[in-house]
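Asks: Line by line, the protein sequences are chains A and B. Reading the first sequence from the start, the letters are residues 0 to 444 in numbering that gives the first Met the number 0. Reading the second sequence from the start, the letters are residues 0 to 469 in numbering that gives the first Met the number 0.
These are computed hints drawn from the structure, not numbers from a lab. A portion of the hints provided could be inaccurate.
Taking CB as the label site, the calculated pair distances span [as the list claims (entries may be wrong)]: (1) B:Gly436 <-> A:Ser133: 51 to 61 angstroms; (2) A:Gly117 <-> B:Ser458: 46 to 56 angstroms; (3) B:Pro46 <-> A:Asn303: 41 to 51 angstroms; (4) B:Gly232 <-> A:Gly146: 46 to 56 angstroms; (5) B:Asn380 <-> A:Glu285: 55 to 65 angstroms; (6) B:Glu246 <-> A:Thr137: 27 to 37 angstroms; (7) B:Glu246 <-> A:Glu125: 21 to 31 angstroms; (8) B:Glu246 <-> A:Ser438: 13 to 23 angstroms; (9) B:Ser207 <-> A:Thr440: 26 to 36 angstroms.
A virtual CB, placed ideally from N, CA and C, is assigned to each residue, including glycine.
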Amino acid sequence: MPKEKKINLPISADILERLAKFQEIELQDVDIEFEEIELDLGTGGGGGINSGVMSRMAYEFAQIRDSTNRLTYLLGGGAIPTTGYAQQAVQPQQVTQVAPSRVLPTELITAKTSIPQGDYSGEVVEVRLGATKSEGGTRGKSYVIGGQTTPAYYNFQVKPKNRPVLAMDVFDWPKVPLSKAVKMHFRPVLNDVGEWARLCVDKFGAEMINIHLLTIDPLIEDASPKAAVKTVENVLQAVDVPVSIGGCGDPQKDLKVFTAISEQIEGENLLINSVTLDMDIEKSGEMIRDHNNTVIAFTSMDVNKARELNRKLYDFVPKNQILMDTTTAALGYGLDYAFTVMERCRLAALKGDPELNHPMSSGTTNAWAAREAWMKMGPEFDPRELRGPIWETITGQTLLLTGIDYFMMMHPAAVNALKVMIDGLMKGEKPNQPTDWVSITVGGN
Amino acid sequence: MPAKELSPIEIYKLLPGTSCKECGETNCMAFAAKLVNREATLEECKPLLEEKYADNFAELWSLLKPAVKAVEVGVGENAITIGGEYVLYRHDFTYFHQPAIAIDVTDEMSDEEFETRIHVLNDFAYNYIGMDLTLDMLNIRCTSGDPQKFAEAVKKADELTRKPLMLVAHNPVVLEAGLEVVGEKRPLIHGATKDNWKEVAELALKYSCPVVAYSPSDLDTLKSIALTLEEYGIKDIALDPGTQPTEYMSVNTDTYTILRWNAINEEEKGLGYPLIGAPMAAWAVEEEDPVLNEWNEAVIAGVLTARFADLLVIHGISGWSLLPQIILRSNLYTDPRKPVSVEPELVIMGTPDENSPVLLTTNFALTYYTVANDIENAKINGYLLVVDSEGMSVESAVAGRKMTAESVAEAIKDFKVEDMVKHRNIIIPGRSARLSGEIQEESGWSVSVGPLDSSGIPSYLSEKWNPYPE
Ligand code: B12
Ligand code: SF4
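Pulled out of the complex, with its shape left as it was, chain B reads as follows:
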């Protein structure tokens, strides 16, 4: 059911109602509200797991379950979840599981390329506002047609990475050769087509693995395969409707939108599963230079990220093309109900002393990390006072009165900044200049207005700042 249509009351009625607080909430109603917001899971209510509540649990489960099934790939701490979504538009609730990025290798690649691709998968990381953005999966394709070659490639990959795998081979014999190697690690198997579905279904059951239904550009057949797999007893399914190069972008937007719309708004049988996208379709086009393939791949990945894909198969591994992809998915999958924020506190930068500067900023994660990085990279010793602006950037916070002279004065007191420095001077962001008089009045501290952009802090400190004016 689309999340926002659930009311806490409906949920509350099915909870034990004893308000025993075992879930950490003060009463069952509060827990119900958390469940509706998907901020808690049913298992946290221990009493509910008792035998006598089995029916209630089942009913709650079906009320709360996402319209798009959450499918787990991999095992243990390396497992990731794809799908598990409730809404078509992020503002209707929030999206939960970023599309996983699976880096492509084949069983015919040179050792060198094969290995370095896996190293990129393992090591690529970008720290974006305090989050480590990384790549998620390995996509191993059989292009040789040879079961033995495929098994060897899978074996090698399994030795080189602990990230979950997607095994791609449409010949069931080849597929099984791979599954014999890593079958117990719950790889995603790709996949069941209109021709091989029966054998692949058997393999999915035998190895207990999630399986992809694949039917490029034919949605009726895609649904047929999914329904047949369901009927075969398979629970964890993903749908791959095929991805087309940029020239046919409307086919991509149509396909993925139709599938997700039907899953969310119509709860259409057979379609409530994660969607696989393959931006690497861009490499099927003959280009003069591979840079163009990689550019187009990033572009398709961007579109599919905005249009509902839950897993993206990517061939290009250059930083310039991966970076916008991982930041876009991070952006669109942040919770629109609350800005990404950090804890308000007094952060010690380097090894400050009693003459070191005190700098003010807000607790919007983007603001905080930008400023903190600038200070850190310049090896400045000082104190960074992070006020609670309810996660607003400097200008938005000032304009929306989320950061005021009062809240700044209070933060100076609460975090005992007086005890840290001898001077009584605080440097405020240039974009909050208009608060300078009021802050001075409210806190009794003198105020220095810093530069507009925090990259100017180092030169500002060395050239202009003087905490002890005569």
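Isolated chain A (complex conformation):
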């Protein structure tokens, strides 16, 4: 396959822009450069078929229908035996219609659908993110999240109190592996984390910036805590939204770096991402408390582990400085586990569990771990420029419905889509004239 190949996007040029509500139009041409996928999958992909003919419209689909089976086979390995699935038991069908035996109604029976009120004894604590000048920091705004007394968006019980916050990820290492659909939006700023942050806030509407200090990783550059402090200062200069600080995953190094940052940068109420069970909880907890920062308690998809970490942190950190993150897995790659663990945590909190009633955080960027988010597939699944961001969107919004309060995201269109979704969920008002889907006509049909 050629290293680089040009194809036409079968959608209007600025569609991604509009999806992302970009403030300026950057792409003028319909052509978008596609390069080889980053991971060598050794598959046939869609090579040979001109993706340009594909589009959303049905008749175009028909043209490639014949190749569908071959591609499905290539991608999905249809030849592999489907072993191991327990058949789901289906309840036997009841006798269907019975002849009316009594006097038939002649009028609609009047009825009232009750509005269930639920019975909750717990309440999620409220946590502040960031600090404005009057709060001792330098940020233009700060946010309060949490405070729920009912499951997520049960507006019929209680109107949502606080709006979830959407942060965008930036990295201090230009070589961070990003899929093409993401990278195309950040290419000019990959080398400058401050500019990267500014782009996210000014152009893509990020409400917070989530810095990933990858270079401190002993396996990458083993950058010093001092260098990390500079990076964070750089970002704080560039943007005026609150900032969260992500480590590299090495429990010792992360603690060292978080401590240096906390000591050098006071008053900003940074969000430390994250403290885990394999870190020194006492030192981590004292660091958060002494410098008045906020922390994400991160565990791996286990309600009990989440409880355990929170409990350990309580010895040092006030409850209203803790968020919890029980791990986000991508749509198709374990989203079901992520969804259920989060839903269980939140429902337990509302039932009064005193160790789980924290706002929840999601690393929604993990959606890109799913191959379907970025991989070349058959042309019937093109364009990747839409498939990727919708993957992140659906991953994020599914978890939003479990009660996530803080999102860490990557693709501008996904950020915007989630914002629109949150608007719709927070609004809580009915349309004057409900949509009657039955009578919709599309394109004159």
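Take the given structure of chain A and dock chain B with the ligands to it, following the hints.
Replies: Coordinates of chain B with the ligands only, in the frame set by chain A:
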């Protein structure tokens, strides 16, 4: 009754109690446990079908029946079931019937569009961890108002697809024109409104079809219609509370949650039926580009999948928007009580010989299919040893001790890998590197640590792997 509140004892008391084993279980108690988990159906206990147990059968039936009625649409092997759910939250038990996706056509579409839409319905398939994910139904709407046109469209659709149909027309005359064509194939009829309910109820009875009660954004009227249909003698009902565009998403989440909550937690009369959702409401909004309509439609479909809809009417047919929808519903409707797993075995990939590589992986379906696809697509000849990790992915299995040096050594023995290859070298996933020493010790095989991601297997094999080190 919500499933988890049933105890096997309650069920056992109503079974024949002879432990005759006809159901395939060793005794009635074991069968009772299966029933409680909905892993068996009453009919599998043959003695129970005898006349003398009729009362017991009826009582068991009502104890075990789902809070949301299972409604069958279509006939024969093409029939599908919607509803049949027991719980509000999947972790309380499991969800059973994925929301059916019905692709939209109208009786005013051009032949070309009409036909290709049906082809998409028929042919769209994605193989996801061994399951073929497909689309389920055709939604035929009358937008012309003309009975003859509608009948023609229905006839054509019936010739082009065997998937079940939903006939959508609120004028009873039009509806009957469609039913005259496909009435005996048990289409879902949409629907009964506050104005036409009587005529539509008559049609539902005449053609013996399930019927949708429709009342956009008015739940009191929706319940009125459902109760009236019940009173009219109709058993198979579905509820369509209307779907609103993204801007009014809270109306959607509220509506569907209220209905499902009342059905499950309150067993409220008239509401224990499957819910129809119409993400295609997104197409009612004027957008500059249809891509935006389709994007919003997928987004609404995602929300309604997480929030209890049992059937989704979809207009957009692009792969990029359908794919996340079908994977989401598959994910949320997997049984949270057990991970999706495959049979542990030695899988022969291509045409291996005695010098071919032996690769280790776990029996989590997602892991297995990812690895097997990578190997297959690269046309590698070799053996894939699938160990029983109780359905855990590589790292979870290692961390949770579901895959250990002992279980790997045992699998090498059990599946007679020695007889297949001359060398004694096994390639393990990079993410299980820390087991390499122990596996070597336990099995006597030398261990090569492969790449972290299975996509790296082809280059690893050609560049690094050597089963016969000097
Ligand atoms: C979903 C998940 C779960 C689910 C289980 C899903 C399942 N059925 O396996 C649940 C919630 C149940 C779970 C439980 C646990 N988990 Co878990 N889990 C995850 C998660 C989020 C995704 C795992 C996954 O599905 N990956 C996708 C599959 C396809 O990947 P894979 O099996 O590794 O296969 C890939 C490679 O290994 C490779 N490969 C596979 N086979 C082969 C073969 C060869 C020859 C080669 C070369 C390559 C290769 O290619 C594949 C494709 O890339 C990860 C974190 C993450 N994002 O990775 C944590 C993670 C794996 N879990 C972890 C842990 C600790 C656990 C628990 C022990 C405790 C816990 N809950 O925290 C339990 C153990 C379960 C038990 N009782 O046995 C840790 C492991 C840490 C470590 N390195 O030791 C992780 C990394 C999270 C973390 N950072 O803490 N987990
Ligand atoms: S078939 Fe019925 S009676 Fe016989 S063992 Fe099974 S449950 Fe008991």
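Asks: Against this structure, judge whether each hint is valid.
Replies: Status of each hint after checking the structure:
1. In this structure, Gly436 (chain B) and Ser133 (chain A) meet the distance hint of 51 to 61 angstroms, their C-beta atoms being roughly 59 angstroms apart.
2. Checked against the hint of 46 to 56 angstroms, the pair Gly117 (chain A) and Ser458 (chain B) passes, with Cβ atoms roughly 55 angstroms apart.
3. Remark: the range hint 41 to 51 angstroms for Pro46 (chain B) to Asn303 (chain A) is upheld by a beta-carbon distance near 44 angstroms.
4. As the Cβ distance of Gly232 (chain B) to Gly146 (chain A) is approximately 49 angstroms, the hint placing it in 46 to 56 angstroms holds.
5. Separated by about 58 angstroms at the C-beta atoms, Asn380 (chain B) and Glu285 (chain A) satisfy the suggested range of 55 to 65 angstroms.
6. Evaluation of the 27 to 37 angstroms hint for Glu246 (chain B) and Thr137 (chain A) yields a pass: the beta carbon distance comes to about 36 angstroms.
7. Taking the beta carbon of each, Glu246 (chain B) and Glu125 (chain A) are about 28 angstroms apart, inside 21 to 31 angstroms as hinted.
8. Distance hint for Glu246 (chain B) and Ser438 (chain A): a CB-CB separation of about 19 angstroms, consistent with the stated range 13 to 23 angstroms.
9. Separation of Ser207 (chain B) from Thr440 (chain A) is about 32 angstroms and conforms to the stated range, judged on CB atoms against 26 to 36 angstroms.
Consistency note: the structure conflicts with none of the earlier hints.
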